[in-house]
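Go ahead and model the full structure; you've got the sequences and the hints to work with.
Chains as they are written, first to last, in the UniProt record's numbering: chain A, 1 to 298; chain B, 1 to 298; chain C, 1 to 298; chain D, 1 to 298.
A couple of the hints might just be wrong.
Put simply, identical chains are the same to the list, so a pair is met inside one copy or across any two.
Derived lysine-lysine pairs resembling DSS-like cross-links, with alpha carbons at most 25 Å apart [to be verified]:
hint	residue 1	residue 2
1	K2	K56
2	K227	K298
3	K194	K10
4	K107	K227
In short, the hints are calculated from the structure, not lab data.
4 protein chains.
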Amino acid sequence: MKLGMIGLGKMGYNLTLNLLDHQHEVAAADVNHDTVKQIAEEGAEPAYSLKELVEKLESPRTIWLMVPAGEVTESVLDELTPLLGAGDVVIDGGNSNYKDSLRRAEKLGEQQIHFVDAGTSGGVEGARHGACMMVGGDDDVIARIESIFEDTTVENGYLHTGRTGSGHFLKMIHNGIEYGMMQAIAEGFDILEKSPFDYDYEKVSNVFNHGSVIRSWLMELTENAFKKDAKLDNIRGVMNSSGEGKWTVETALDLETPAPVIALSLMMRHRSLEDDTFTGKVVAALRNEFGGHDVVRK
Amino acid sequence: MKLGMIGLGKMGYNLTLNLLDHQHEVAAADVNHDTVKQIAEEGAEPAYSLKELVEKLESPRTIWLMVPAGEVTESVLDELTPLLGAGDVVIDGGNSNYKDSLRRAEKLGEQQIHFVDAGTSGGVEGARHGACMMVGGDDDVIARIESIFEDTTVENGYLHTGRTGSGHFLKMIHNGIEYGMMQAIAEGFDILEKSPFDYDYEKVSNVFNHGSVIRSWLMELTENAFKKDAKLDNIRGVMNSSGEGKWTVETALDLETPAPVIALSLMMRHRSLEDDTFTGKVVAALRNEFGGHDVVRK
Amino acid sequence: MKLGMIGLGKMGYNLTLNLLDHQHEVAAADVNHDTVKQIAEEGAEPAYSLKELVEKLESPRTIWLMVPAGEVTESVLDELTPLLGAGDVVIDGGNSNYKDSLRRAEKLGEQQIHFVDAGTSGGVEGARHGACMMVGGDDDVIARIESIFEDTTVENGYLHTGRTGSGHFLKMIHNGIEYGMMQAIAEGFDILEKSPFDYDYEKVSNVFNHGSVIRSWLMELTENAFKKDAKLDNIRGVMNSSGEGKWTVETALDLETPAPVIALSLMMRHRSLEDDTFTGKVVAALRNEFGGHDVVRK
Amino acid sequence: MKLGMIGLGKMGYNLTLNLLDHQHEVAAADVNHDTVKQIAEEGAEPAYSLKELVEKLESPRTIWLMVPAGEVTESVLDELTPLLGAGDVVIDGGNSNYKDSLRRAEKLGEQQIHFVDAGTSGGVEGARHGACMMVGGDDDVIARIESIFEDTTVENGYLHTGRTGSGHFLKMIHNGIEYGMMQAIAEGFDILEKSPFDYDYEKVSNVFNHGSVIRSWLMELTENAFKKDAKLDNIRGVMNSSGEGKWTVETALDLETPAPVIALSLMMRHRSLEDDTFTGKVVAALRNEFGGHDVVRK
Chain A
1 MKLGMIGLGK
11 MGYNLTLNLL
21 DHQHEVAAAD
31 VNHDTVKQIA
41 EEGAEPAYSL
51 KELVEKLESP
61 RTIWLMVPAG
71 EVTESVLDEL
81 TPLLGAGDVV
91 IDGGNSNYKD
101 SLRRAEKLGE
111 QQIHFVDAGT
121 SGGVEGARHG
131 ACMMVGGDDD
141 VIARIESIFE
151 DTTVENGYLH
161 TGRTGSGHFL
171 KMIHNGIEYG
181 MMQAIAEGFD
191 ILEKSPFDYD
201 YEKVSNVFNH
211 GSVIRSWLME
221 LTENAFKKDA
231 KLDNIRGVMN
241 SSGEGKWTVE
251 TALDLETPAP
261 VIALSLMMRH
271 RSLEDDTFTG
281 KVVAALRNEF
291 GGHDVVRK
Chain B
1 MKLGMIGLGK
11 MGYNLTLNLL
21 DHQHEVAAAD
31 VNHDTVKQIA
41 EEGAEPAYSL
51 KELVEKLESP
61 RTIWLMVPAG
71 EVTESVLDEL
81 TPLLGAGDVV
91 IDGGNSNYKD
101 SLRRAEKLGE
111 QQIHFVDAGT
121 SGGVEGARHG
131 ACMMVGGDDD
141 VIARIESIFE
151 DTTVENGYLH
161 TGRTGSGHFL
171 KMIHNGIEYG
181 MMQAIAEGFD
191 ILEKSPFDYD
201 YEKVSNVFNH
211 GSVIRSWLME
221 LTENAFKKDA
231 KLDNIRGVMN
241 SSGEGKWTVE
251 TALDLETPAP
261 VIALSLMMRH
271 RSLEDDTFTG
281 KVVAALRNEF
291 GGHDVVRK
Chain C
1 MKLGMIGLGK
11 MGYNLTLNLL
21 DHQHEVAAAD
31 VNHDTVKQIA
41 EEGAEPAYSL
51 KELVEKLESP
61 RTIWLMVPAG
71 EVTESVLDEL
81 TPLLGAGDVV
91 IDGGNSNYKD
101 SLRRAEKLGE
111 QQIHFVDAGT
121 SGGVEGARHG
131 ACMMVGGDDD
141 VIARIESIFE
151 DTTVENGYLH
161 TGRTGSGHFL
171 KMIHNGIEYG
181 MMQAIAEGFD
191 ILEKSPFDYD
201 YEKVSNVFNH
211 GSVIRSWLME
221 LTENAFKKDA
231 KLDNIRGVMN
241 SSGEGKWTVE
251 TALDLETPAP
261 VIALSLMMRH
271 RSLEDDTFTG
281 KVVAALRNEF
291 GGHDVVRK
Chain D
1 MKLGMIGLGK
11 MGYNLTLNLL
21 DHQHEVAAAD
31 VNHDTVKQIA
41 EEGAEPAYSL
51 KELVEKLESP
61 RTIWLMVPAG
71 EVTESVLDEL
81 TPLLGAGDVV
91 IDGGNSNYKD
101 SLRRAEKLGE
111 QQIHFVDAGT
121 SGGVEGARHG
131 ACMMVGGDDD
141 VIARIESIFE
151 DTTVENGYLH
161 TGRTGSGHFL
171 KMIHNGIEYG
181 MMQAIAEGFD
191 ILEKSPFDYD
201 YEKVSNVFNH
211 GSVIRSWLME
221 LTENAFKKDA
231 KLDNIRGVMN
241 SSGEGKWTVE
251 TALDLETPAP
261 VIALSLMMRH
271 RSLEDDTFTG
281 KVVAALRNEF
291 GGHDVVRK
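Pasting the structure below:
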């Protein structure tokens, strides 16, 4: 089928190539016109504005957004929506908060524009050669456009998750689980590092991936990381985060669901952003007050 | 090579079959003589006592223990050690605490008996058709017996982890990571269960296993579990534990390594063993005291 | 000075008595007219509608709200605001979210109505005989009305915390700390309860309050609770919560401040609301899948 | 009564003065002979060896140890025990692990020497002018020596907690609760520090101590600390620990009692001992592997 792609960053560019590989026609737009030219050489129809993109598609249109979640998605939708008409479909393939997706679906619905939320996992490599997609939206809308999800995912890597919002919600949970798994793996290796034994972490992660209960893609990536830098001597343990772990914890709080492991995974990331903490200062000062315990002076 | 196997439970029995498949000769003993007879029909040499087992092997002997960690392992070693001589090798394939392994290695070493600690992962299926083994012990000892580990594990599923104790230590860490991963997965599905959406968990775990960052053996097992019982309606959420998660947390405390995710995974298991908590009663009573908040009376 | 009080629940009623004790004149309104009559007998001027209340006060008016945070506060303000004029002061003495207070201050400010956020601690007893108040608002506004805070609090129990919003923010943090302290106390007694020793908890909490590092009002309340019910046999450990702990955790996440103790205190409350958990079912099912461990069937 | 004191550090020295104030006779020993001379000038009988100390007391003797828990206590007892006889009482006033106390009580009991475990709280100031003591031991033994506990504690600050071991167990729990309370307070101030408001922490802790639910000795100490250093600019947030928090968590694990708040309080202390973490490196490396997220290079 023919569709429009907005956003040709690492994810959108590779997803477009993936679509082209599967004989879909793609009109592609990006604020960076060089990238648009580049994808045109790969077979996409270049569009140098949202208006041009919309005009290259026949009604009912299908337009796939692969732009950063938050303000960028919001402003693209603000510009795009007035150009669209009843029956058109907008797919948000970014990591949007499901609450935003529910709000946007309602707003677009007022103009009979359909909204589909597609949570995407698998990284850049997945976008290019087969991703994992969790897609929320109305049955009839999904049925119309399902082939583009089936074609760009690995076998069994696409799921229509339910009504609108359920795709981004599930992707959020996916990332929450990922936070917990990563922290669990990392804590394990930290204990190994402080142990009296002398492990080869590349070999350890390799054997963990062959027949053990914890074999996983994340453990394969762990092996890759240790292959490049045996003790990770070249990096600092600063753990950034990009929103979905936080949303998972907030959602857990809203639903009164205890999620200590996901919450602590996030909080240890926050802790890693600080060299020293006010929490630590208060506790150290208190120990000094009641027990005369030494404090570390600057 | 020829070796002795002590313990023909689910793990030991299947490991013996696995060894026989690979042309090793196995003299096998168990307190349950019916099981000994049964394994004899599969090609093992039956031994109805530890003495008989030892006599069926030529010096230097190799004897593999697959018995429950703790008291059983201790008492088997107490009975076995006097029967052995210098140069013999004892492999502990159970989930022993590495501190016990270090102690036992030292004690056996006084009689020039070698101790090898083999952490085994992969469950019963792994024991039968290819496990994952993390083995600690002296280089020359390991070199002598390495073929039995290579033959009974999946490809790349065997690692000589370093000196004595390092095998069981690594298996302990493996299980600690496993605790964290399982709790992370479980928290994710708990939030899904309380969400406003209506997910099919079998399909969700299936799509998580195809192209996503969290694909893993544990997620495959999650899919199996939901295939059998779509909402897990038939079981209660009682999470038992068998020691290694606890040892991991204790070791983390000893090494002053923060391991909040593994610790909380264990503590939530402990919480699940109680219907009501004294902690909860105290907090509820306090809220009533200072704010007049209602308590739930029995 | 003369002021209006809206809301004659446990807190507002006692605060009114407290104000009257200190020679302030109070016009008092409540949806429950019986309560209004009752307080009138104590010396307050009864007001059977917000309109009547406003008319009983001269410009510039001071009106103190002691109504439940959230929708009730919102709707009272919606009804009250059109009745007020430039220079009037509205004090919100409830446990409102500081973000709501900032929003309301801005909205009222458009009509030159001043907003003051007064966080109140000390329970019903405090409202009656001397509370603790943390009050945010502009310096000149606070200066004008400060006597009512000074008179209704214990000595040194009133603090002008800074600009608008800072009072409710500080009260939120106060409650977050309270969550952590309560859970710490409760965990301690839970371990005592499971210990091999046989403690008298009333005596234990009493000794903790005499010379120990952990002596505190909460420990005094602990003693009171055990005095009434030595083992808390008559209540269930259901720990409800009323919002401020959750806001504290959400704020900690927003500010990227690790707050594991406050977060876990809240999550253990959420856990106590459930008899069984989906988290537990998933972990139990997984243990069964990989290790054949028994599950507890219903 | 007359008793012997072993250990004249900050705690033992002040406790001896406290005993002398209450007309008890004290024979005092310490490895530091200057301190022994110094306390002699205050009225104690000097003893320059354990042998001399024992000889200065008549049978049945009462000897109070105020020496560091662990190896020092062990070695003092090893030297002291052969000098004692049936009916003598040894009080361990240090922060010993209750398991050690149970073991020592049994060992001393073989020689009919009585063991009493006295957990002491209140710091140096308490030792001098009135401490809090939680004392475990047999009823008849305690009855014989109770006056020394009653005289050296604040009113109601002494409790006979039950059989041997229960004193040190309760002191351990006291410290576990203290860990949780301190971390809760510290987290609260950390959030304040990162908030958009500008608080005066000395005033904040002061108001928290007047009428609020969280008023406590620890909050008074917080006020003292901020009085000396308004933003704690002069110290680093390194949180050491001295054993009892760790024992509390280990005991909680042994008793299968969830104690997340106490555990996390300890783990955040461990975290504060590190400038960078291996956990953080692993998570950062993994994020880089799957998502191409930037790592912070050294």
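Each hint, compared with the structure:
no.	hint	verdict
1	K2 with K56	within (10 Å within a copy, 70 Å between copies)
2	K227 with K298	between (38 Å within a copy, 18 Å between copies)
3	K194 with K10	neither (38 Å within a copy, 34 Å between copies)
4	K107 with K227	neither (49 Å within a copy, 38 Å between copies)
Of the numbered hints listed earlier, those contradicted by the structure are 3, 4.
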